[in-house]
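Trainee: Chains as they are written, first to last, in my numbering: chain D, 1 to 113; chain H, 114 to 226.
A hint or two may mislead.
[Said to hold, decoys possible] Derived SDA-like pairs (lysine to any residue); straight-line CA-CA distance at most 25 Å: (1) H:K139 x D:L60; (2) H:K169 x D:L96; (3) H:K208 x D:P61; (4) H:K139 x D:P61; (5) H:K208 x D:N62; (6) H:K208 x D:S58; (7) H:K183 x D:G59; (8) H:K139 x D:G40; (9) H:K208 x D:L96; (10) H:K183 x D:G40; (11) H:K208 x D:A55; (12) H:K183 x D:Q41; (13) H:K208 x D:T30; (14) D:K15 x H:R154; (15) H:K208 x D:T52.
[Said to hold, decoys possible] Going by beta-carbon spacing under 10 Å, a handful of chain D positions derived as facing chain H: (16) Q6; (17) S9; (18) Y33; (19) G42; (20) E44; (21) F45; (22) G59; (23) L91; (24) A93; (25) G100; (26) T103; (27) R109.
Please keep in mind that the hints were generated in silico from the structure rather than gathered at the bench. These numbers come from a predicted model, not from an experiment. All residues carry an ideal CB built from backbone N, CA and C; glycine is no exception.
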Amino acid sequence: GAGVSQTPSNKVTEKGKYVELRCDPISGHTALYWYRQSLGQGPEFLIYFQGTGAADDSGLPNDRFFAVRPEGSVSTLKIQRTERGDSAVYLCASSLDRGGGYTFGSGTRLTVV
Amino acid sequence: SQQGEEDPQALSIQEGENATMNCSYKTSINNLQWYRQNSGRGLVHLILIRSNEREKHSGRLRVTLDTSKKSSSLLITASRAADTASYFCATDAIKAAGNKLTFGGGTRVLVKP
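Based on the provided sequences and hints, a complete structural model is requested.
Mentor: Structure (structure tokens):
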């Protein structure tokens, strides 16, 4: 597609529920990134994919968070047993090889009540 | 953790004035990038400056980089109301995997008409 697409744009879920957030990157971009942004803060790195594999998952806060990219294009961020502290905007970005800028999606605003 | 720290955290200026914001970082980098964010959603890539460059221009934007001081500045000349946004610096650290960027906390710019 022309840009990075994230769905849903907004998600409200109850504490303890499971959620999936989807990212469809720009066609041909091999690198895909997930970030999380809390109000008034900068984006914080979660995980980076190069192709199908997670090249760096050091930003995932705990084992409730997991992400996949099975065919090297669309990625899904999965959060189990959601907590109120997981509420944030989850941003996805893609890029060509190293050294270029990111193209970000519009984000998914997750609210855990 | 956030590598870059922006200064000031917030800036209010009149339309037509220049806006300057600074970014400091901690580790050696391949490049430094600036992004703009409106309404807390997707970020837009503005400009990338490589570690061997000292200054770069793009339209009304001017970026400088001083690797000896580990700092960068973004100047927006002749500001417009549409420049109202949050601005983030992001660094591609030499030791980071792939094209992983680390973002600062941002400068919130308000341009009053």
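Trainee: Does each hint fit the structure? Answer for all of them.
Mentor: Here's how the hints hold up against the structure:
1. H:K139 x D:L60: It holds: about 22 Å lies between the C-alpha atoms, which stays within 25 Å.
2. H:K169 x D:L96: holds, 22 Å
3. H:K208 x D:P61: Given that 25 Å is the threshold and the Cα spacing comes to 21 Å, the pair holds.
4. H:K139 x D:P61: holds, 22 Å
5. H:K208 x D:N62: holds, 23 Å
6. H:K208 x D:S58: holds, 14 Å
7. H:K183 x D:G59: The given pair, whose Cα atoms are some 24 Å apart, holds under the 25 Å limit.
8. H:K139 x D:G40: holds, 21 Å
9. H:K208 x D:L96: Between H:K208 and D:L96 the Cα gap is close to 19 Å, so the pair holds against 25 Å.
10. H:K183 x D:G40: holds, 24 Å
11. H:K208 x D:A55: holds, 13 Å
12. H:K183 x D:Q41: holds, 21 Å
13. H:K208 x D:T30: holds, 20 Å
14. D:K15 x H:R154: Given that 25 Å is the threshold and the Cα spacing comes to 23 Å, the pair holds.
15. H:K208 x D:T52: holds, 22 Å
16. Q6: Given a least distance of 8 Å, the restraint on D:Q6 holds.
17. S9: Hint on D:S9: holds, closest Cβ of chain H at ~9 Å, below 10 Å.
18. Y33: holds, 7 Å
19. G42: holds, 4 Å
20. E44: With Cβ-Cβ at 7 Å, under 10 Å, it holds.
21. F45: holds, 6 Å
22. G59: Status holds, d = 9 Å.
23. L91: Since chain H brings a Cβ to about 7 Å from D:L91, closer than 10 Å, the hint holds.
24. A93: holds, 8 Å
25. G100: Since chain H brings a Cβ to about 7 Å from D:G100, closer than 10 Å, the hint holds.
26. T103: Given a least distance of 7 Å, the restraint on D:T103 holds.
27. R109: holds, 8 Å
Consistency note: the structure conflicts with none of the earlier hints.
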